[in-house]
Amino acid sequence: MRDSRDDEQLMAALREAMRAREAVPDWFIEAGKSAYAWHNIDAELAQLTYDSSRDTERAAVTRSENASIRALTFTSAHLSIELEVTEGSLLGQIIPPRGGTIEVLTSAGASTTTPVDEIGCFSVVPKPAGQFRLRCRTTDGTDVLTGWTTV
Amino acid sequence: MRDDPYVIALVTRAAKGDESAWNEIVERYAPLMWSICTRFQLGRHDSEDVAQTVWKLLVEQLGKLREPAALPGWLATTTANECRRVVKTARKCERLGTMPEEAEQFVDPEVIDQELLLAEQNAVLRAALAELLPRCQQLLTMLFLSDPPRSYAEISATLNIPVGSIGPQQGRCLKRLRECPILIALVEGDRGSTDPGGEPGA
Numbered sequence: 001m002r003d004s005r006d007d008e009q010l011m012a013a014l015r016e017a018m019r020a021r022e023a024v025p026d027w028f029i030e031a032g033k034s035a036y037a038w039h040n041i042d043a044e045l046a047q048l049t050y051d052s053s054r055d056t057e058r059a060a061v062t063r064s065e066n067a068s069i070r071a072l073t074f075t076s077a078h079l080s081i082e083l084e085v086t087e088g089s090l091l092g093q094i095i096p097p098r099g100g101t102i103e104v105l106t107s108a109g110a111s112t113t114t115p116v117d118e119i120g121c122f123s124v125v126p127k128p129a130g131q132f133r134l135r136c137r138t139t140d141g142t143d144v145l146t147g148w149t150t151v
Numbered sequence: 152m153r154d155d156p157y158v159i160a161l162v163t164r165a166a167k168g169d170e171s172a173w174n175e176i177v178e179r180y181a182p183l184m185w186s187i188c189t190r191f192q193l194g195r196h197d198s199e200d201v202a203q204t205v206w207k208l209l210v211e212q213l214g215k216l217r218e219p220a221a222l223p224g225w226l227a228t229t230t231a232n233e234c235r236r237v238v239k240t241a242r243k244c245e246r247l248g249t250m251p252e253e254a255e256q257f258v259d260p261e262v263i264d265q266e267l268l269l270a271e272q273n274a275v276l277r278a279a280l281a282e283l284l285p286r287c288q289q290l291l292t293m294l295f296l297s298d299p300p301r302s303y304a305e306i307s308a309t310l311n312i313p314v315g316s317i318g319p320q321q322g323r324c325l326k327r328l329r330e331c332p333i334l335i336a337l338v339e340g341d342r343g344s345t346d347p348g349g350e351p352g353a
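Protein chains in written order, with the numbering used here: chain A, 1 to 151; chain B, 152 to 353.
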């Protein structure tokens with residue numbers, strides 16, 4: 001027979017375990033669950049390597065007239081996707097330039113495909129509302145998926 | 152690392168396309184990754200970036216993991232590496248004045264090992280609780296895990312049992328919890344390495 005101190009110790013450990021789980025935000029769990037969409041998809045991940053909005057506070061003092069245009073860059077091993085967010089659209093370019101398609105995937109599961117011209121330019125109109133990611137497939141067979149983002 | 156047949160089964164199922172197994176892996180190990188991101192003091196954006204990258208790497212590796220039991224260790228190491236990358240990128244992009252020594256302190260592998268051991272223990276405890284009958288789970292939750300603690304009268308009303316039988320049922324539920332095989336494995340594992348500093352992967 002175990003004494004009650006053992007029980008109290010076990011439950012204290014369990015309490016800590018539950019607390020550790022509760023400390024994790026839902027969006028962090030979601031990032032993990034949504035990653036399963038990659039299962040059996042042979043695309044590279046393009047990571048967000050630049051986001052002008054992250055400089056906002058610092059840049060506020062020296063803000064110029066074009067500071068309101070948000071710019072993002074996603075980078076993978078084989079290409080970069082540069083984005084500019086205007087009021088109603090998302091303008092982008094593939095670097096190095098080449099043609100293909102851009103697919104906009106929303107967190108709700110919707111998908112729309114837009115052509116990329118031979119100099120790598122594309123536009124998404126209207127710009128995606130809510131969370132989305134881009135999958136870029138180029139004519140030379142490169143397949144790249146960005147992380148989730150919102151604009 | 153302990154050889155956890157349950158984790159091995161989850162990885163195998165997820166590799167075959169079972170999304171619910173994948174979700175369970177995420178639920179189980181997200182707290183480990185979160186604690187490491189917290190150690191690196193990452194903000195929401197960077198933590199999300201790290202989580203996406205690490206889980207994506209794992210999805211790609213699912214079918215190739217030769218030792219699924221080594222998963223927690225792999226997740227801890229990969230998360231720490233990604234955190235370091237993100238911290239470096241942030242410093243380059245934003246020219247943060249973060250002191251290099253300060254960052255060095257965060258990358259101490261011993262800290263990561265401690266987080267790994269603790270997270271493993273926590274995951275096993277949560278899994279053991281989840282394996283109990285729903286009634287036992289409810290009772291133990293109300294007795295020990297509620298804040299503020301519930302009164303016997305409240306427990307009696309919610310679970311529809313006489314106040315007098317709460318004590319005996321609590322005893323039975325705790326006994327079942329202790330007898331849970333994965334918990335026994337954990338306790339025996341602890342006896343094997345009593346060093347609180349934590350020998351990783353013993």
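Since the hints were derived computationally from the structure, they do not count as laboratory data.
By construction, the Cβ of each residue, glycine as well, lies at the ideal position given by its N, Cα and C atoms.
Any given hint might turn out to be false.
Incomplete in silico selection of chain A near chain B, CB under 8 Å [to be verified]: (1) 27; (2) 49; (3) 69.
(request) Could you tell me which of the hints above the structure violates, numbers in ascending order? (result) 3
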